[in-house]
Structure formats: C-alpha cells, structure tokens
Amino acid sequence: MILAADPLLVDGIDLTVVLIVLLKAGVAFALLLVAVMLVIWFERKLISDMQNRIGPALAGPWGILQTLADGIKLFFKEDLLPTRADRVVFRLAPYLSIIPAFVAFAIVPVGGDFSDGGDGTVSMFGRSTFLQVADPPVGVLFFLALSAVAVYGVMLAGWSSGSKYPLLGSVRASAQMISYEAALGLAIATVFLSSGSLSTHDIVVGQSATTWNVLATGIVPFGIFLIAGTAELNRPPFDLVEAEQELVGGFHTEYSSIRFALFFLSEFMNMITMSAIAVTLFLGGPAGPIVTQRVAWVWPLFWFFLKVMAFLFTFVWLRATLPRFRYDQLMDLGWKVLIPAALGWFLLIATLDVAADLGWPTIPVVIVGVLVLWGGASLLSGAVRKAQAERLEEADRGADETAGSASGLGEA
Amino acid sequence: MSTPAIFAAVTGFDPLTGGEFLVAQNIAFAIMAITMLVSAVRMVTTGNVVHAALYLVIVLAGAAGIFILLGAEFVGVTQVLVYIGAIVVLFLFGIMLTKGSFGADDGVGGERRGIAAMVGALVLAVMAAALLDTFRDAELSRAEPSLTADVADLIFSRYIVPFEAISVLLLAALIGAIVVARGD
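These protein sequences, in sequence, are chains F and H. Residues -15 to 396 (our numbering) are what the first sequence spells out, left to right. Residues 40 to 223 (our numbering) are what the second sequence spells out, left to right.
Bear in mind the hints are in silico, worked out from the structure with no lab data behind them. For glycine and all other residues, C-beta sits at the position ideal for the given N, C-alpha and C. Be careful, since some hints might not be right.
Here are the in silico distance ranges between beta carbons for each label pair [said to hold, decoys possible]:
1) H:Glu150 <-> F:Val338: 35 to 41 Å
2) H:Val162 <-> F:Ile(-3): 40 to 46 Å
3) F:Ile351 <-> H:Ile70: 27 to 33 Å
4) H:Ala204 <-> F:Val338: 52 to 58 Å
5) F:Leu52 <-> H:Ser206: 50 to 56 Å
6) H:Ile217 <-> F:Val282: 53 to 59 Å
7) H:Gly86 <-> F:Met315: 33 to 39 Å
8) F:Gly359 <-> H:Gly86: 16 to 22 Å
9) H:Gly159 <-> F:Leu7: 27 to 33 Å
10) F:Lys57 <-> H:Ile70: 39 to 45 Å
11) F:Lys320 <-> H:Ala204: 25 to 31 Å
12) F:Ala367 <-> H:Arg197: 34 to 40 Å
13) H:Glu150 <-> F:Thr305: 55 to 61 Å
14) F:Ala9 <-> H:Ser206: 47 to 53 Å
Based on the provided sequences and hints, a complete structural model is requested.
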C-alpha cells in the first residue's frame, strides 16, 4: 500500500520480491557505511591540501584506511558514563542521531535510466524495479520528518550528559536546527510546485522531461536550500553547536568510545544524505547522457556519484574557507533573510504557475510580482531597522539611567 | 482502544471491515495501541519532565503509525513533522531553558492529581461520546489509501473556511505570545 508506486510491488508479493527488497536495503546500508568511511578520509585529505598540510598518509595507500584505524581505536577505548548522566537517555541518544541519517537515504533514487523519457526502472532478477530502497508517495515530507526527528539525538545527548557545556551546546543546536528547518522546507516547497509531486522518483522523472529544477525554480530556492542545509548539518560556517572555544566539544563533550563514533558517523552520513537529496531535488538525480550502450546501467550511477561529489567538495571547501558565524548573525540570517526570501520566491513561482494556467500575459505578471515582492521586502527591512534602532535607543537610555544613579550614589 | 483488535483476533471476525479479517493489520494495531497506552500512563506517572516529554513522543509516534496503517500517509508523516519534530522539541527546549534539570526527579505532580484525573476523564467521556455518535455504524473503507492530492483538494475547496480560520487563529496566538514575552 505504502510502496505501491514501485512496479516491483504492484502485482502481488512473493519470496523474490521480499528478497529483492532486503537486498536493496542491505546494499544501501553497506554502501553508506563504506561511503562514510571514504568521505571522512576525503574531507581530511582535502582540507589538508587546502591548508598546505599532508593529512592522513600512513594507514594504507594515501592514508585511505585512516578512518578504519580510528574506528577500531574508538571501539576499544573505555566507554565513560558520567555520574550525573541520565543513563537510559544517554545511551539512547547516539542511536536517535544515527538511525534517521540511515533511513533518510532510503528515498534517494541512485540509478536507473531517466534519459529520453525513461522512467528509471531497472530489471533485477527478472523483475522491474526502481533503484531506490523505497518510494513512498510522500517521499520528501518523509525526509523532512526524519530531519526533524534527528534533532532529538543532539538535544537529548546534551541534556542527558548532566553537565553545562553539552546542555548549552544542545540548546544552541536545537534552536538552530528548528530555525533552519523552516527555510529548508519552504525552499523544497518550491520544488513541489514545479514538479507537482512529493515522491522523489516522480520529481526526478519530471526533471528529465523538462529541465532541472535548479533552473525551473529560478536558482534562489537552490541557494536557500544549500545554506539552510549546511546549517541543518551543523557544518561550518554554522558549527556553533561545537564551537570549541566556547563550548569545549558541544553536545557530545561527555561522549567517548563507540558512542562518540556513532555521533561522528551520523554527522557525515547526514552530509551524504543532504547532498543526495539536493541532487535529487534540484539537479535531476541520476539523469545524464548515456555515453556507451555497452554498460548503459553504469552511467546513471556515475552521474549521480559525480553530482554528489560536487556537493561534498563544496561542504569541505566551505569549512576550509569561511569563519564561523556569531549566534545573533545566525539567527538574523535564518529568520530575517532566508525564511522571507523563500516564502516570497514561493509566492512568485505560484503566481507564475497560476498565470500560465489562466493564460495571462507573462511579462506584466512578472513585473507586478517582482514589484509586490520588492514592496514586501522593503516593508520588512524597514520594520527590522526600526526595531533595531528602538532597541539601541532603549539600551542607551538604560545605560544613562544606571550611570546617573551611580553618580547620584557617589554624591550622597 | 484495542478492543476491536482483540475481539477480531479472538473471534476471527472483524466488525470494522464487515467480516473480512486482516491479520497483519490487526497485530500491528494491537502492538501500537498497547505501546501507546503504556507510554501514556508512564507519561503522567513519571516524575521527570523530560522523560514525560519522551513518553509523549512515543504516544504521538504510535498515532502516526496508526494513520499510516489506515493508508493516510500524508496525515501520518505530518503528525511526525509537526508534533514530534516541532511541538515536543519546543517543549524540551522550554524545559531545558527554564529548569535545565539534570537527571534526578523534579518532584512533579502530587497536589493537583485529583483535578487532573477528573479533567482527563471528562475529555475521555466527551471524545468517546462524539466518536461513538459519529462512527457507530460506519464501515471502514479500505479501498484506496488517501492521496496527498485529494487531501490538498479538500482543504482548499470544501474546508477552506476552517483552514483559513485556523491560520488566523495561529497567527493571533503567535502575535499574542510575542506581546506577552516583550511585556510592552
């Protein structure tokens, strides 16, 4: 019922179907783990290059086994449990962090031929199916729901540690993640408008039929998605969650051994998932030219891999380049810039859709739409400026009063 | 709440679907319903506010699961997105910002337990009466899962006035909260 969009599950379920589904889930799980291992190495190596260092070089060729070595080391370290920790929640939190990261990847189509109006089905053991673990009709909402659940891991880890810095880190983290989730959701909503579906598979099919959503939605939602996604991942320049100068290690300060490794894994797994979702929503997923007919099934996988790598590179590049935001700047950017911009752009695209439906002339509609948006933006920025000026004035007056009373005391 | 499921499991006859007996659905429903009941009871008896919020999460997740079991995926996922992902997170956020209590019991509950139980019983009675009154003879249609597009069409055509009224109400609540918090 839930997965009915996949041709594999349409006519009855027998043992082969069950085995294929299990195989897909198993392969996705294993591939994700290996990918995480390689991405951690990739980030360390790339950031070393950008900082004129060598980076991991001893474990395996080019240090490629470094993550494995680190993992084994962490696994054998002592697992500390703070005295004031809430035992059950402390143990539960890493899993709440890592499970959504795994499950969210299930809705990403990683392969299948979408060129020339292809619908992306591949044949597997004589059955035709999609190259994704699941294709729920509410696909992208499912992703948003899981990223909402992922907040719990961070939040409860900080709270259950029973110590100050983790608590402050987790309060920061949850506020940041909730704030940017709104912008993320609004940016994705524009994609729904242009694709007319919530299912990731349908979104990819729609993009191969016309043009990639990054152009169809006019680039702005893509930019908002990238910024909000980086903040949602707690990656630099939005890594206030673990600002070591202020918070020691943030929410996972008290974690050690394998539990710490789980947080570390889920962070990088989220990075991969976010890149894959961005590729699916805006860059046509695995769509791309089929260059040779001999091994045609490899090409979609190759294009998907290439696009995801571009995003991963960008995330590492951002980390090497940009300094960390201050907390008030972070909140200003999220609430006063990204959310209004995403909402305004959503309204503009919806207006254009309606205009196309009703056969209104395009150019006047665009001009009026942009004028209305500009009016709204200037109203908003005026309100923000006025509030800021008032607050400054109030602060000044407050300072004057305390200064006055202090001098009065001095005279008496 | 799980009486129909138990009844169906015992007798092999499900009154909700007019005789057809759905084994897997009934077992899933029974598991979710029992989990929800136990968590709901634990939620009001536990002494730790954060634990209570976590038990509430389990209850809400169970409700989402039951929606999905009924084929209402959109409602189920929205339940997770809104209730678990936003509302309870804000509860936890509030608890951490105001008390920041670590681990130990906060000594919640006690003095007003009787009144709370009375209010709970009253709400239960009202809801039970309303549900029985509306769905007494209704047969559960299990023809098709409800599609997101259908839900959207209904919201923006037949139920447009209640929908807009709720939006305005939420906006008013939001502005009210800001006014109260600023105190001027």
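Violations among the numbered hints, reported as their numbers in ascending order: 1, 3, 4, 8, 9, 14
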